[in-house]
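Novice: Residue numbers (my numbering), protein chains in the order written: chain Z, 1 to 189; chain S, 1 to 460.
Source of the hints: derived by calculation from the structure; they are not laboratory data.
Quantities reported herein were computed from a predicted structural model and do not represent experimental measurements.
Heads up, the beta-carbon is just placed ideally off N, CA and C, and yes, glycines get one too.
Certain hints may be false.
[Stated by the list, open to error] Partial list, derived from the structure: chain Z residues whose beta carbon lies under 10 Å from chain S:
1) Asp9
2) Thr10
3) Ser14
4) Leu49
5) Ala64
6) Glu90
7) Ile158
8) Pro180
Given next are the chains, with one letter for each unit.
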Amino acid sequence: MLRDNVDTDTIIPSREMRSTGRDGLADGLFAPWRYIDADGRIEDPDFVLNCAAYRDTSILAAGANFGCGSSREHAVWALAEWGIRAIIAEGFAPIFHANCIRNFILPVTLKRAAIEALAGEEVTIDLAAQEARSAGKTHAFEIEREAKQMLAQGLDAIDLTLTQAPEIEGWTARDRSARPWVYLGGASA
Amino acid sequence: MGKTLFEKIWEEHAVAETPGGSTLIAIDRVFLHERTGAAALKRMAEMGRTVRDPSRVFAVMDHIVDTRPGRSDGTLMAGGEGFITETRAACQAAGITLFDVNDRDQGIVHVISPEQGIVLPGLTLVAPDSHTCTQGAFGALAWGIGSSEAEHAMVTGTLRMSRPQTMRVRFEGELPFGATAKDMILVLIAAHGAGGGAGHVVEFAGDAVTSLDMEGRMTLCNMATEFSATSGLIAPDGKTFAYLSGRAYAPDSFDDRHWQSLKSDEDATFDQEIVIDASAIAPMVSWGTSPEHTIPVDGAVPHGPDSVHDYIGLPAEAPLAGTPIDAAFIGSCTNSRISDLRRAAGILKGKRIAPSVKKALVVPGSLAVKRQAEAEGLDAIFAAAGFEWRMSGCSLCFYAGGEGFPAGSRVISSTNRNFEGRQGPGIRTHIASPETVAASAIAGAIADPRELMREREAAA
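The following block holds chain Z by itself, in its conformation from the complex (with noise of 0.2 Å):
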């Protein structure tokens, strides 16, 4: 999929958005470029991940500022149950890129060159080293230190968040004297 600004329209269209939950999407998955006909489901062989060899990838490769467009990250949750657990791109959008992180997936950032070659391989990728690897080359990634705790221990953001609860506190009655026009809900809130 080495095509610049793929958005999360083309992702996951808001029409393949059919409840409030996280389940069932990835039967929306790419619906424009997937189906020939989206409302009959069929599929168009020449679509990447339609092809026998693609079908049952985890990793993605893609062009520049993946993931642009809309927040949704029903996008995400479409692409993890699909089975997608890396993507491998010159760029991602920022709210894209967190939402992977969020949901265990991989944004890995290389130069075009790279992603060239690692397209259409049997590529691995090593989080704790921080490379992609395919018929012995070796690509280097950067990635920050927390989002890589994150994604290798499967660490929820709230719980870990929640530990510095009495930071947070602190910091909310030192701001609530500073600025009280935040405050909305009075005195108690």
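Please arrange chain S on chain Z, whose structure you already have, making use of the hints.
Specialist: Showing chain S alone in chain Z's frame:
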């Protein structure tokens, strides 16, 4: 060394560092809508978590609510009603203030938040909606997030963030006749790419920015997300405080010296600077399937990827003006405010849309905008011209599976996204200012609005 406005807001909201090296940033306001907010509320309830301070969380029905007159919870989109009733129940359970379907203050989230004074200069505001950056027009740090992050913000009052870089985009000089805030942001994205702002918070500055009214500033900041920026913002000034004064959730006064400090210091440095000559900006229209595929209305289609030419059905080197259109849309969080409607109506007054235009909609950004427009007689102008006059909501900015444009339509649209299929399968979207949409609807083809605008001026 001086600080940028972004740095001041960031530092003021930095609660603590995390062991992993990110920063806990305090979130002052959360806004939800029925499309993605419902998912966050549902998950929160499933996990047995509660909202830390419900008085600072708001919700609205805007995304899939019908815009037909006489609407109720029912939607043309199959299953849409479930989003609405679930959101309502969840807001009630959590104690969240909801702007419900037919509340007098209902509207598109980024239109009503300023109308209500919910966004304020210097605040952090997040919503599970990418166009939250719109509200940066008020000097707030406002950005879009996913549903999980919305849950995080509601439960903990913070987000875990890595500090973005800073960028300043200065629009120097005066906007020429016929050019608008919409054209400014499209010029930036066309020149620097749809990924050009990635990793940055963009401060918009320069004469052409400070000259904009608040509604124009919102249009400019609205599409910072189409530039892949974390957000966009504009330092507050007299116009900002005047706009917010007296709004329902705004403070009684803006006298505190805190408000005056909300600007980048003279000697602040940005990680990146872009300067654009505003005096050279013409009305812009998208030709392809990304906002970066945008050219002046009198330009010719450039050479792009084959897949883009195939989808949009326009060959390279073809003139864009004169391309027949089948439908027209005025609305969305980009261009649905009263000034947008006044300008479009100014062009449409006494005219009819071309018979070849099968569907033309005007969807006010809020019910307050709708009432104001009706008080000014704009609804009658639109109706006489052949536009349908709707209730407020996001409407056909995107196709949710209910109401759509006629199959195969080419649409001129005052919205923000011309993605493949955004407005429906196979629908080809050209984004532009409300003026250009109005002029094109009359012509039945993509048209330069300046000709009709000159005609008006000469007649006046």
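Novice: Now tell me, hint by hint, if it's right for this structure.
Specialist: These are the hints, each one checked on the structure:
1. Asp9: OK, holds: aspartate 9 of chain Z within 10 Å of chain S, min 5 Å.
2. Thr10: Holds, about 6 Å.
3. Ser14: holds (5 Å)
4. Leu49: violated (16 Å)
5. Ala64: Hint on alanine 64 of chain Z: holds, closest Cβ of chain S at ~5 Å, below 10 Å.
6. Glu90: holds (8 Å)
7. Ile158: holds (5 Å)
8. Pro180: holds (8 Å)
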